[in-house]
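Trainee: Can you make the complete structure from the sequences, with help from the hints?
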Amino acid sequence: MRGVKKQDLPQKTCPVCELPFAWRKKWEKNWNEVKYCSERCRRSAKVSQAPASPEQR
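To convert, count from 1 in the sequence shown and add 4; that's this note's numbering.
If you are wondering where the hints come from, they were derived from the structure by calculation, not from laboratory data. Incorrect hints may have been included.
Stated by the list, open to error - Quick list of in silico lysine to aspartate or glutamate cross-link-like pairs, EDC-like style, CA-CA up to 20 Å:
#	residue 1	residue 2
1	K50	E22
2	K9	E43
3	K33	D12
Computed from a prediction, not measured in an experiment: that's the story for all the values here.
Mentor: Have a look at this one:
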């Protein structure tokens, strides 16, 4: 990815916030596994996927 213009970087859409995000150097080795644009989206996705807790009395 060296020498590539920012507008030419690969992009994905975050399934949580539905905003596009571009390739980052820190994702170079695992870009195929990256799903979320940020830690915040990753954490909120886990919370929404958790099974519903029983009602509290």
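Trainee: With reference to the structure, classify each hint as holding or not holding.
Mentor: Going down the list of hints, with the structure as the test:
1. K50 <-> E22: holds (16 Å)
2. K9 <-> E43: With a Cα-Cα distance of about 25 Å, the restraint between K9 and E43 is violated, given a limit of 20 Å.
3. K33 <-> D12: holds (18 Å)
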